[in-house]
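Starting from the known structure of chain P, arrange chain H on it as the hints suggest.
There are 2 protein chains.
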Amino acid sequence: MSNAIFFHAGCPVCVAVEQQFAQALDPARYQVEVVHLGQDSSRIAEAENLGVQSVPALVIDGHPFHINFGAPLSALK
Amino acid sequence: MSNAIFFHAGCPVCVAVEQQFAQALDPARYQVEVVHLGQDSSRIAEAENLGVQSVPALVIDGHPFHINFGAPLSALK
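First to last, the protein sequences are chains P and H. If you read the first sequence in my numbering, its first letter stands for residue 76, the second for the next number, and so on. If you read the second sequence in my numbering, its first letter stands for residue 76, the second for the next number, and so on.
If we strip away everything but chain P, and leave its shape as in the complex, we get:
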């Protein structure tokens, strides 16, 4: 089982990506954790260290994937 972390900020772009994309991952292989950086700003540094530059983003096995564009991380600090 691999870990995937979906970082978002509650924006409309983020919500659409979460509902239509993050849920599409294979549940037999990926355990998806959803992190709302707007509500949990203590994890912004973790996202940055993983290479996340904007939300929404999905980190799979440590690799960041930026999906569409909602907001830059800097807007959440």
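Bear in mind the hints are in silico, worked out from the structure with no lab data behind them. All clues given are correct.
Only some residues are given here: those of chain P computed to face chain H with a beta carbon under 10 Å:
#, residue
1, Ala79
2, Ala99
3, Tyr105
4, His138
5, Ile142
6, Phe144
Below, a sample of chain H positions facing chain P; criterion: calculated Cβ distance under 10 Å:
#, residue
7, Val92
8, Ala99
9, Asp101
10, Pro102
11, Ala103
12, Arg104
13, Leu133
14, Ile135
15, Asp136
16, Asn143
The C-beta atom is built at its ideal place from N, Cα and C for all residues, glycine as well.
Okay, now just chain H, sitting in the frame of chain P:
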């Protein structure tokens, strides 16, 4: 079974996204078609009509998701 189309152009960003991301979709729910727009430019119009602006992009149930950034569609024409 839903259809998902992964549009790419063979660029390094595209290949990484295909290997680490498109393959992560749930095979029980999504049939993923991979389209190389650099080799099959006849499908660029189809991608544009689906809202794709750059590659790599994944279209799930008609919704385009741009994942990272490899090249704009205009560079493939």
